[in-house]
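Peer 1: Sequence:
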Amino acid sequence: MASSVTACQGASPYQPRNYQLEMLEASMKENIIVAMDTGSGKTHIAVLRIKAELDICPPDKLVWFLAPTVALCIQQHEVIASNLPAVRTRTLTGLDKVELWTEQSIWDAVLNGYRVIVSTHAVLADALSHGFVKMSRLALLIFDEAHHCTRRHAANKIMRDFYHPTLTKSGPGAVPRIMGLTASPVVRSNHQELLTVESNLDAVCRTPRVHRQELVKFTHRPHLQQIWYTPTDPAGFKSASQTLGALYHAWETLDIGDDPYIQRLRKSPLDDTALKKALLTGKTYCREQLRRFVDRSRHIFEELGEWAAEYYIYASIKQLGDRVRNSYMSGDWDEAEKAYLVDFLSKIPASEIQLALNDPGSFRISPKFESLLNFLDSLDEREFSGLIFVKQRATVSAMTSLLSVHPCTRERFRCAAYVGWSNGSASKDILGDLLNMQLQRDTLDDFRSGRKNLIIATDVLEEGIDISACSVVVCYDKPPNLKSFVQRRGRARRKQSTFAIMFPTDDASADVSKWQDLEQAMIEAYQDDERQLQSVSALESLDEEVMERLTVESTSAVLTADMAMAHLHHFCAVLPPQPYADMRPVFSFETNEDGLLKGTVILPSCVHPKVRRTEGRRWWRTERAAMKETAFQAYKALYEFGLVNDHLLPLTKRPELKSHDLGAMPSILETSEQYDPWIEWAYSWSSPDIHQSRIVVRMNEGRGDELCMRLMGPTYLPPLSPMTLFWNNSTTFTVTFEAAERVPLVPLSSVEDMRAITALYLKATNSRVCSSERDFTALFAPDLHHTELKGWLNAYEGCDPAMEVYSRGHNPLLMGVVRDHSRYGEPFLFRKWLVSDQNPSCSVVELECAPFPHRRNLLHRQRLANSQVDVDEETPESAAKNPIVAADACTIDRLPFTMAIFGLFISAIVERLETELIATRLRETILRDVGFKSTDHIITAISTPFAHALTNYQRYEFLGDSILKFSVSCQLFFQHPNWHEGYLSEGRAMIVQNPRLAKAALDTGLDAYIVTKRIASRKWSAPLISEKLERVPAKRQMSTKVLADVVEALIGAAYMDGGHATAQACIRRLLPEINLHAVDTRTATRSVAPESARHMMNERLKDHIGYTFEDESLLVEALTHPSCDYDSTTQSYQRLEYLGDAVLDMVIVSAIFNHPIQRPQGDMTKIKHAVVNANLLAFLCMESATSEEKLDVAQTSKDSFAVTTSQESVELWRFMRYRGQNLNAARDASLARHRALRDEIASSLLHAPHYPWHALSRLNADKFFSDIVESVLGAIFVDSGGDLAPCEVFVERIGLMAYLRRILDQEIDVRHPRSVAQQLAKTNIQFVLQRVPNEEGGASYQCSVRIEQAELFVVTGCLTAEEAEVTAAVEAIKFLTRDEGSTPLNTS
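FYI, the numbering for the sequence shown is 1 to 1388, going by full-length UniProt numbering.
These aren't lab readings, by the way, just hints derived from the structure by calculation.
Treat each hint with caution, since some may be false.
[To be verified] Pairs of lysine-lysine residues, derived as DSS-like cross-links and limited to a Cα-Cα distance of at most 30 Å, are as follows:
{"hint": "1", "residue 1": "K452", "residue 2": "K478"}
{"hint": "2", "residue 1": "K1102", "residue 2": "K965"}
{"hint": "3", "residue 1": "K832", "residue 2": "K763"}
{"hint": "4", "residue 1": "K1322", "residue 2": "K1374"}
{"hint": "5", "residue 1": "K1263", "residue 2": "K1166"}
{"hint": "6", "residue 1": "K267", "residue 2": "K169"}
{"hint": "7", "residue 1": "K832", "residue 2": "K881"}
{"hint": "8", "residue 1": "K276", "residue 2": "K338"}
[Said to hold, decoys possible] Ranges between beta-carbon positions, derived for each pair:
{"hint": "9", "residue 1": "D705", "residue 2": "P1249", "range": "45 to 53 Å"}
{"hint": "10", "residue 1": "Q104", "residue 2": "K277", "range": "37 to 45 Å"}
{"hint": "11", "residue 1": "S199", "residue 2": "G1295", "range": "56 to 64 Å"}
{"hint": "12", "residue 1": "D705", "residue 2": "S843", "range": "30 to 38 Å"}
{"hint": "13", "residue 1": "N1154", "residue 2": "G798", "range": "49 to 57 Å"}
{"hint": "14", "residue 1": "D380", "residue 2": "P231", "range": "26 to 34 Å"}
{"hint": "15", "residue 1": "S836", "residue 2": "L1029", "range": "41 to 49 Å"}
{"hint": "16", "residue 1": "L1329", "residue 2": "T925", "range": "47 to 55 Å"}
{"hint": "17", "residue 1": "F641", "residue 2": "V1354", "range": "50 to 58 Å"}
Each residue gets a CB set at the ideal place from its N, CA and C atoms; glycine is no exception.
Start from the sequences and build out the full structure, keeping to the hints where you can.
Peer 2: Set out below in structure tokens:
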């Protein structure tokens, strides 16, 4: 059965090791056999080699990995598939019935689309023999357990019959590269065989030479122990076991003439020859079954004892009877043979075995097994994990059963049997094979996870199988040769593990040192480190002086070779930390013909490829000197490349990244007073150039009469946008301004009339005593010619006693403001006359009035409904509350209230004009070169929230923040191709931080144009010329944040006014160091052109992304994790991820801001944070998949097969290039959580009214999932020349834009559960997080919830602090809403 696995369960933590990279580099230069101890990471070297080969070989070539057993094939395929998730891999073994594939079309379908095949040697040998696979199609052949490539082994057949002939005929280009893996290159203790293996594989044997100490450090040799036992008398079984004795007697006295096969031959005269042969040899199917059964039973008696033998006999007889009754008998056995076997065995006195015995004495065991029990009893039970090797499959099943029920072991050991997947002769046996092949499928995973702690196995577990948790290995029988000794010893990989061999007391060859001596002799044949140890030690003790020196003239800083190592390690230590990546420099060495050394150092993958790899310039006698000189050359290269400053220190947190010295800027600054345009107007009245604008006031969008007025000023009047004023909940006034026109020759008297009229309007609606000064800077008058103003003023100025007005019968609709002098002239609105007729001679006249409106800021709607009446309307409810005043105590203004109401609008108009004048001045001075089309967006950008204007900068600040981050990110990315992500992030932070932006506002004088004065307050007074001329310049206090916010808001305003071009001009004006126009994104500097095309980056990946790259190396970089240390020509994705983060912000913020529903800044910020949440991006990355056709082969009948077609999903994350088993384990854990939470999260994204904070916190995806999304986004942006459109397509493609639209259109609640809980608590609620260490060295998190210091509950067992806090907040919400019908936040 083909294995298709994408996750390696139970992978142990794995750190990149220098010696593995050394072996990889050696394998790229020539064919090699990697000879290293078991457990030292040979398979990981093979994985690196496969990755490297797939990067350079054509896409139609195959990498073929060969292993000697099916079990090893399955295991190695799991490792390869886990490390190469984007590559299609499969196994081909006898489980797939490969021997029946007899057509080329079947093989073509099986291999179609696959890049890596894992099989046994026989499968490839047979495929080559029949021409189904050609040697020329193979790019790389990897031989696991390469020592098998001798004599008639299928591994040697591949090389002898196909590789070498093709090499001789067509040359090296027609044959694959070869890599061998072995821990024991000599099988039969003959070190001369090494030369044969090397010749057969056309490879040379290599072990890590330079890094031998590191290899020893990571390879744990177990303690070797001998277990002695007294052998059992082979002839004693007849008397010791009644059942076994009866079985042996029945077998000895068996009459061959009764065999059904013999009887059948005697009845057929044509089978005389077969009959004679059978009678001569005594071999028939039934007799062979019984013979093997008897031999196994005797062997079990000798090995394990009487109880085990009787159990084996009883269980085998019972199993046969069950098979016959269930018609489950393999092969071509007829009914007569079945009956014959059953009848024979029914005569054996095999009674049922009691398994639940508590007395150890009831288990009659052999002295050998008793010695094993004594040994096991002496071991430490803590974290025990053991492996027992036995000879026969039957012994495996019997020992497993015995250990599982014996009172001394059943409570201590959780046993499992393992015999591999190749049935061998057992496939022909229906008697005595008690093992169920399917039950062992999970044995190894159970062992790795600890569910099983003792495996009994045949030699199938000797080679390659990864059971690294072993602390004890027992050879129940002596290893047959050196290979078995080495391989079995290698199974015990824990520190302080034990390797035990059982010897009979009469064995003269039990000297364990025999194997050790032979192994040492073999090692010396391909490794001269031991022989040269003394000379090497003496050589390394030499004091070689390295005279290299670098002096920086500007600072006098000095670098010598002796200092270089420390400097280089410090440089790497301050690089941005990355999980799963080793951030240390890696040194390697090469040796010349004279035995001298030259060093090479490779820095972490985030460093630019131009300086990532540095070679020494000289040859040295010692490694120490070579390292010094290489480190010096590397650090010198870093300095010359601009990654080290003139003090020879890394740039991080150094002034080189700071464009301005901000010092410790306080949070509150003294800034210029708000620019006052009335001062200039005050001076302009001395020689006025009068302009006026016609004002039209309409009530309720034009329903009713219009009120027309004029605004006059001493200079140019800027255009004013219409204003909406909110009288009450049902009445609005729209104020429009016509284009201003110049008015020449206005006499001074008319100007004075307008001042009087302006005063009249202001006084008519003001209860306070007005100043007698009338030198207003802005003047208002009715829409009349200036010659008519005097008459109008005479008609409407002043007031009349109320009784006089009553006696005249004045039109109530033209009534002015009523003033009650008994209440100090309090103003009222007239409603009607009330006349008391109780005494006709002295009737009392009163006025029913309405309260005068107190609101002065009419720019905003009333937040709460009140009883304020409309101008021309009243209700019964309001009438009941109307005050009654005596007519003889009142006066009534002559100016009708329908005209006087304009006085309430003057403050709003004047302040709107003032803001417009400020914005106009700003546009014409500081922002002169930006190119704003109008001042509308500028007004919004400079208006602070506490000015209570109609608009404020908050929304624009939200937009400008992202535009600035995007622009700075682009500038630094393209301008500094040598900077790694750490420098880029710090450089950006220096520019976009509030102190820098505040300084920009101060440097440009922008602080004077920030509007902070409260608009239309009750204390407002019209600006006067006399006051403005006497005004003394002052200062005001303003926070750093406000200054920075206005800078960002102006950038947002520029974007709204003219798009990205105007926004960039605004940034350039305020922050001169940012000039994105000067950067050519089309010629973005690349790292180093890759040596070859990456064929792993195939069309499937382009389908994923929906974008075709002009420079595919950008895509390779975007998918290169920092742990990918095997490719020194490609930088890791961190730079592109840094850029993609800013691009994603820009795309998301633009969509939020431009949505038809305008939201306040706080809501937009919450939405943005929810949408760019790393867990959501990671989830979408896991979901982002494309389908491709997959061909396979299915058996249709006994001997025929057909090609089947299916669809296979390939996710984006599979294409990430990385190295490391710890990353594999983290990735698989994240994917497991994704599978568990997928339906819940997907349903929430599609249907829930709330954001799935809780489910996403439980997902806890590793950061590299979201990093991939952002790095690919950055790569698209760079490749497209800075075009955001294809970036938006990618964001749409992964599903993020669809969810954003749903949030915006359906008002999805994105509030964080903690915020919801805090709002519900209405008091101080605390979430106290705590890390709880566990015994394994990890930790879980818990969160307690407290209200007013009282603890409500504690959430425990969470994977992360975020999950603990979110879970606690969700529980707090449930608690706080426990009496309500529903909660305000979904708990998913």
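Peer 1: Take the hints in turn and mark each one as holding or not.
Peer 2: Quick rundown of the hints versus the structure:
no., hint, verdict
1, K452 <-> K478, "25 Å, holds"
2, K1102 <-> K965, "29 Å, holds"
3, K832 <-> K763, "23 Å, holds"
4, K1322 <-> K1374, "15 Å, holds"
5, K1263 <-> K1166, "21 Å, holds"
6, K267 <-> K169, "59 Å, violated"
7, K832 <-> K881, "14 Å, holds"
8, K276 <-> K338, "23 Å, holds"
9, D705 <-> P1249: 45 to 53 Å, "48 Å, holds"
10, Q104 <-> K277: 37 to 45 Å, "40 Å, holds"
11, S199 <-> G1295: 56 to 64 Å, "57 Å, holds"
12, D705 <-> S843: 30 to 38 Å, "35 Å, holds"
13, N1154 <-> G798: 49 to 57 Å, "55 Å, holds"
14, D380 <-> P231: 26 to 34 Å, "29 Å, holds"
15, S836 <-> L1029: 41 to 49 Å, "55 Å, violated"
16, L1329 <-> T925: 47 to 55 Å, "51 Å, holds"
17, F641 <-> V1354: 50 to 58 Å, "53 Å, holds"
Consistency with the previously given hints fails for numbers 6, 15, ordered from lowest to highest.
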